[in-house]
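Participant: Chains as they are written, first to last, in UniProt numbering: chain A, 1 to 572; chain B, 1 to 572.
It is possible that part of the hints are untrue.
No more than 25 Å apart at the CA atoms, straight line, and that leaves these computed lysine-lysine pairs for PhoX-like [what the hints assert, rightly or not]: (1) A/274 / B/274; (2) A/274 / B/310; (3) A/368 / A/458; (4) A/419 / A/7; (5) B/429 / B/405; (6) A/76 / A/22; (7) B/335 / B/383; (8) A/22 / A/404; (9) B/568 / B/69; (10) A/163 / A/32; (11) B/274 / A/310; (12) A/429 / B/363; (13) A/429 / B/428; (14) B/429 / A/428; (15) B/339 / B/363; (16) A/371 / A/458.
Since the hints were derived computationally from the structure, they do not count as laboratory data.
Protein chains: 2
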Amino acid sequence: MSVTFEKFLVKEDFEGYEDPVKYETFKPKLEKYVQNLNENIKPEYAITLPKPIEELRADQFNAVDYLYKEKLLTEKEFEITDCNNPELAEKISKGEYSSVDVLKAFAKRATIAHQLTNCAMEIFIDEGLERAKYLDEYLAKNGKTIGPLHGLPISLKEHYKYKGKVCHASFVSLIDNVAEDHSTTIQILENLGAVFYIRTNQPQCLMHLCSENNYVGGARSPYNISLSAGGSSSGEGALVSMGGSVAGVGSDIGGSVRSPAAFSGCFSLRPSNKRISLAGAVASGSGQESIVAVCGPLARSLEDVDYWMKSYINDGEPWELDQDCVRMPWRDVPKPAAKDLTIAVMYDDGIVKPTPPIQRGLKETVAKLEKAGVKIVEFKPIKAQEALDLINDMYTADGNVSSKKLLSQSGEPLTKLTKWYLNYGRGKKSFTIYENHQLNVARDLLRQEYLEYFNNNKIDFILSPTSSNVAPKPEEVFNWSYTTLWNILDSPTIVFQTGLFQDPKIDKWDDSFKDYKYRSDLEELELTNYKPEEFIGAPIGLQLSGKRYYDEEVVAAGKTIGDILGVKILKN
Amino acid sequence: MSVTFEKFLVKEDFEGYEDPVKYETFKPKLEKYVQNLNENIKPEYAITLPKPIEELRADQFNAVDYLYKEKLLTEKEFEITDCNNPELAEKISKGEYSSVDVLKAFAKRATIAHQLTNCAMEIFIDEGLERAKYLDEYLAKNGKTIGPLHGLPISLKEHYKYKGKVCHASFVSLIDNVAEDHSTTIQILENLGAVFYIRTNQPQCLMHLCSENNYVGGARSPYNISLSAGGSSSGEGALVSMGGSVAGVGSDIGGSVRSPAAFSGCFSLRPSNKRISLAGAVASGSGQESIVAVCGPLARSLEDVDYWMKSYINDGEPWELDQDCVRMPWRDVPKPAAKDLTIAVMYDDGIVKPTPPIQRGLKETVAKLEKAGVKIVEFKPIKAQEALDLINDMYTADGNVSSKKLLSQSGEPLTKLTKWYLNYGRGKKSFTIYENHQLNVARDLLRQEYLEYFNNNKIDFILSPTSSNVAPKPEEVFNWSYTTLWNILDSPTIVFQTGLFQDPKIDKWDDSFKDYKYRSDLEELELTNYKPEEFIGAPIGLQLSGKRYYDEEVVAAGKTIGDILGVKILKN
């Protein structure tokens, strides 16, 4: 390989970040944090690993397969944890399952998931049990649930403030940052009846499509635990794909609910901006509005995503609690018929060519959709490089001031992908406000161009890879272009599972690839990482994107695609 | 008076702005522009002024009174132009009035309005007539209208791009800026059947609550043409209050649809952000998102405002044409009963004390509302000074780079209130992007505090002055705090008319005022300008504000207030 990661580190020299002496003073706290996590793994839910975890990773161990094949749960526990959300809520409301039994089943599955994928930051099952008991008593006493999520065990990305608990967003400097209140989204979910018991893993700085951090290390894809779970909602991807919660609360400013869903093997929605509250989510980018993060759910099916969105928005009315949320009820949109759909397919964004498994995933999906009557056209990417440059400029437009502050306060070591991120845009050199305004104007022109593409060509949705590759090896995911395009456009985007998995026997570069001329150093860096034998069994998830505020339509169309592909939920 | 306007000019030295030599090259074009305006005043619609305009101004002439008393229109023309929007649309759709007759009646009334108030930038009645003829033919041929605004003559603030016409936003440097397309809002209104024939006056830089510019000078309040029409949708305020259009399209980033409505004598709505498209509106602040401008209607009644909003949003679906608009249909909200309303009243924002007519307007309005059963509580302003400082910082956060560019390209003379505006925030000193992010965070905290005030105190709406005074003398309006508060909060806010007018016999400072200690130089600057005998007959308009996205509720409550006050439409 002629191109190295280090070659890209030219715009930020990292002066004033790492400080081993200062960091030393944080180490006892970090150790205590990890100890606390480990102590909260309850023996009654834990398994004995068949081999030490490092060996399992080296084996490309498939944790989902193991869970089912070894029957690590009882039949009843499988029944409960494999139920979809609306059904589970109904069964709890009718008293078929108690909230306590439901929580116990999920706690067990979540514990196993954590043992195999390192998905958790914090586990607090006893608190979940208390809450579940309260809910059971409430139902018994009042004859009704407290809301549509009554008794549903929901997992939370760590960076959402949780009353009375530390909220650090994987910044070591925030290790003493105890939240006085729940973040708005957690409060809404609690108001609607959710049960909390686990907070999940995320990368340093929250700005990797991967997971490494100085708290607990990275989370892994359950289908091949040698690979990354994706990020930044890493732990949610791994946990939800293992069935360890009914749904997870992630957040996404560059792919962070989508890459974990795609890489770990579940479904997700990156909603349009401001439909779901991010108030009380800790991150370095507060007040940065050129490109905003969104909160979105990860779940095992689009039915679950739909149920989460509908309950949250229509019963939770987030605009009544958070000034930043739009007053936009969740509309009931029926599944469209295949013949009424026109889908444009982006086979390659021109920045990094998709690897063989992604090419196969797209091709087989398109073939099935066409056969079912969906009208397919090819989407020639519009200004994909410009979009990527723009969003990278926006992320770091403040010259990394806010990230540096949070990182340097502890002097923690920078992970490889934090260094990568800090080199986006102009790196340590700030834009001026006037220049930032010009970036915003360029973004709006791009959004308008895409809107007109949809309208003028009567395109309903755009189908695209979530990444050029399936789940990457840890710390080996550099190119964000396939996900960031939809952030800069604010397109509601789902990740769905094709039901296909990487197969080293099939998913090899074809012969013509040996003459392939890399279009950029970035492409070379990414594609030389693809060695078929190293990605065995990685799930192949794709994206479907719609026009801004067409969230309901995208989810509904995703269900139709699920019907066509025969994949409503992914199990091995 | 110890405090002078000049005392405030400390943060911008205006170096590099004015350039008499360069400006000289623009003068022939400016002269041609004015000549074109004057030539398009059609003799058949014009009146002979009773005195030269300067003398009428010195007389504090009441143009509305004159229009009715002198019967400057025929009975039929009054009938047409005094009809409310939904009725007028219905009558046109039934063939009771032709679009041509309607346009002619409004063209006459608009022409008179312009002669007396200087409200127009551009008049193009022949084009309107062509369009009206087309609409009449369409209706005759198809037996139906082309949309809910079929045949309604709507006026347009000049800064909205109009296909084939110059769009300058009162920047002399843009005098050759011919638009290739309509702005989105104009396109939507046209799609719905509107007829265009007049574009209206606005101040230099668009950032005055007044009207002076180097194109055609300032517009005046029709109820007392010695006074300012307000701004920046100055011409809309004057024209609509004179009944010269069924509704006007304004825009508001600091009070610009509200001050003209209040000062000139009509109604308006500053909608929540992004419900109405501003795409294709020319201004210096492109890409500035900390505090965004909104497009909003001015009209003679809230029924008209409601009809405009409902037609525009529900039939126009702006989110399909402009990527920036929220997909939020206009909800049907019935008029609330008085007894179901709780209104908090801000008698004084603590920055500039309201003058006697405003005090009287509030007091009499509150008395009538209470008598009708409305629950009234006092609103103690929350962080009003902080809000004002914040928004002023945001306006000029780029160090005036964008404004300077547009102003210096022609070297045009700076008006007094442009100088005032350029001294906001840090004036010529830019903020950093990181600092700008902190301003955004502070703004969001403020919004949250107000949202919680509404919710925790079960307040439906806040009633407040639109300004500390009635219509000011031209170039004498400095304090924006009463309007900008609702911009920074993004509160939907209507201006309604109390039906009261300034009366120099009543509206004097009471005796205690002689001992009043000005709380700031700004307050002194404003209040020493109030001399009762100089504001005769100025209308007293107030604001009603609601929670973000409660636009429909604010308009509905305004109608209830109109019923209570007996003021649905203002005529002398």
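Participant: Which constraints among the numbered hints does this structure fail? Numbers only, ascending.
Facilitator: As far as the earlier hints go, 6, 7, 12 are violated by this structure, in ascending order.
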